[in-house]
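Number of protein chains: 2
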Amino acid sequence: MNRAVILASRPAGIAQAENFAIVESDSKPLAEGQIRIRNEYLSVEPAMRGWIADVGNYSEPVAIGSVMRALAVGQVIESRTGDYQQGEWLIGWFGWQDEAVVDPATIVRRIIEKDLPRSLALGILGINGVTAHLALTKIGKPEPGDTVLVSTASGAVGSAVGQIAKVLGCTTIGITGGPEKVAQCIERFGYDDAVDYKAAGLEDAIAAACPNGVNVYFDNVAGQISDAVYPQLALNARVVICGTASFPTWDPWPIGPRVERHLLVKRARMEGFVIFDHMANYESSVARLADWVRSGQLQYAEDILDGMEACPDALAGLYRGENKGKRIIKL
Amino acid sequence: MNRAVILASRPAGIAQAENFAIVESDSKPLAEGQIRIRNEYLSVEPAMRGWIADVGNYSEPVAIGSVMRALAVGQVIESRTGDYQQGEWLIGWFGWQDEAVVDPATIVRRIIEKDLPRSLALGILGINGVTAHLALTKIGKPEPGDTVLVSTASGAVGSAVGQIAKVLGCTTIGITGGPEKVAQCIERFGYDDAVDYKAAGLEDAIAAACPNGVNVYFDNVAGQISDAVYPQLALNARVVICGTASFPTWDPWPIGPRVERHLLVKRARMEGFVIFDHMANYESSVARLADWVRSGQLQYAEDILDGMEACPDALAGLYRGENKGKRIIKL
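Those protein sequences? They're chains R and A, same order as listed.
Using this note's numbering, the first residue of the first sequence is number 1, and each one after it goes up by one.
Using this note's numbering, the first residue of the second sequence is number 332, and each one after it goes up by one.
Take these hints with a grain of salt, some might be off.
Chain A is nowhere near these chain R residues, computed Cβ spacing over 10 Å in every case [said to hold, decoys possible]:
#	residue
1	18
2	107
3	271
4	287
In silico BS3-like links for lysine-lysine, alpha-carbon gap of 25 Å or less [as the list claims (entries may be wrong)]:
#	chain 1	residue 1	chain 2	residue 2
5	A	359	A	661
6	A	661	A	497
7	A	661	R	141
8	R	114	R	141
9	A	472	R	138
10	A	497	A	655
11	A	497	A	472
12	A	497	R	141
13	R	330	R	28
14	R	198	R	324
15	R	324	R	166
16	R	138	A	469
Since the hints were made in silico from the structure, they are not lab data.
Since the model is a prediction, treat every value here as computed from it, not as a measurement.
Each residue gets a CB set at the ideal place from its N, CA and C atoms; glycine is no exception.
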């Protein structure tokens, strides 16, 4: 029997546990050219909010009744293609389920870092790390000496951004929620400073932490946190729009201070980044990240939940800010 | 005697006639290294709003009591530098006055296009044309076949943007106010289509005029017009922030629909452009524009007012939308 988490109903806002259901079904037969995978780790991503929403987005919405779309780490247990052999470990779009019968097109890559934990393929050596690395370098274009400010600074993407910017010679400032995460930013992820968005006077705190202005703002949240950042942009600043986690929904569309004047006066740039556009650079990025992990320059945090029963509430928990690292389900 | 228009008081919002005064004074002596210019044409720019404002901007605010900052076309009538000779025609930062005693650093360029009207140095062959050309090509990066949408489409910058984009092989759509300007956009400036922002249903009209989405939005206005454009951005769209003419003031800071989600979902880019950053490309840009004027590919419109008495109300008149082309004062 194969257990799977399906999308049972489309949420208004963040998907809650009741929007999912765990169902059992017989194992599917394997067609020519397909592979059977047994999943070991399932990923939980903030971006799942968008994958589930029924409004225009950067990917097709997950259909009601179908297995929740997710990256997973799994092992080939049966193969009807010459390209993948039984026993190989892969990461790919295998979904929130025990066992996936897939075409090779769903595979992202082989896990070749046998000296490192396999779960990293879902975090620092996966979509989070690669997003951090490519979005920072391709859009943020940090130069040595730049001040790089990161929202969700202790999160799976943000913590990697801060550390990579540090490796590249930048001054790194984090924005995060609460004194515990502020300490984690500085002590674990090596930020030069971190500010607490839950404390009063965020704009003043950012200005004080970034006395030469913000050259690169790596943003995962939008909203009031970003509103406090924009006045501090330096000349020719780059704003990487990597996520909009502040808003559970864009219907009705949220309003806020207009950005055009900041961009004009500072000759600044804002640009959206979606990892799916950059898969050609994925393998070389993972190789770079793996080297930084091995050298100790890139620390990571994982938040591993146990068993498929943890899936339905796992996404809502992310948006409640419960996790202290990359959230993963271990089957 | 030298007549000059001084900034008499700092306006709240758009400067009105009463914020200026015309004063007379004796001609200044000429120091070693200086040049005396007799102005022929004075420029009136929407950007003067920013030059006068006392809030942070991209140039030092004009001081109360000093001559209003302006580009002008003038002739050298006396020179104490070997680099410029009596009789030469120049464009530079000579101010709203009859006669300017200046250092060579205030000179933008010699007017070398002796076959074309000298007033063009303030418009299509000046800051407006060069802004249109460089902002469109450097930030907008239009490709043949792209849809280029332009706000203030019949204005001094906008009309040049539309025509240059056409020369570069794009489909050009203008946004302008009223049926007369819509007709001017299509008949005079060669836009493929133009929409009237004063009519109802702007977002639908833009969507209908840009069925493949907007690849380049060249924006001079911000505000509600831009709000109607952002949902129509195509994948990887470029938004050129060249002006924010919709807002007479940014104090209090205006609010509107947030842009981050559009930029993320469409992997789009917004970037501010200020011509002063690009003076190294000025001369080559003017040469290109002059060729297009000579070949008839670049049409222009001028709105020439008579005499210094027209200066004090000329800027307010621009913001009332009175002009039908580049506004210039002829002395």
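Status of the hints after comparison with the structure:
1. 18: Non-interface label on residue 18(R) holds, nearest chain A Cβ at 26 Å vs cutoff 10 Å.
2. 107: Holds, because the least Cβ-Cβ distance between residue 107(R) and chain A comes to about 24 Å, which exceeds 10 Å.
3. 271: About 4 Å separates residue 271(R) from the closest Cβ of chain A, which leaves it inside 10 Å; violated.
4. 287: holds (25 Å)
5. 359(A) x 661(A): The given pair, whose Cα atoms are some 22 Å apart, holds under the 25 Å limit.
6. 661(A) x 497(A): violated (31 Å)
7. 661(A) x 141(R): It is violated: about 47 Å lies between the C-alpha atoms, which goes past 25 Å.
8. 114(R) x 141(R): Outside the cut-off at roughly 31 Å; violated.
9. 472(A) x 138(R): Since the Cα atoms of residue 472(A) and residue 138(R) sit roughly 17 Å apart, the hinted pair holds (cutoff 25 Å).
10. 497(A) x 655(A): holds (21 Å)
11. 497(A) x 472(A): With a Cα-Cα distance of about 13 Å, the restraint between residue 497(A) and residue 472(A) holds, given a limit of 25 Å.
12. 497(A) x 141(R): Given pair residue 497(A), residue 141(R) is violated - Cα atoms ~32 Å apart, limit 25 Å.
13. 330(R) x 28(R): holds (22 Å)
14. 198(R) x 324(R): holds (16 Å)
15. 324(R) x 166(R): With Cα atoms ~21 Å apart, residue 324(R) and residue 166(R) stay inside 25 Å; holds.
16. 138(R) x 469(A): holds (18 Å)
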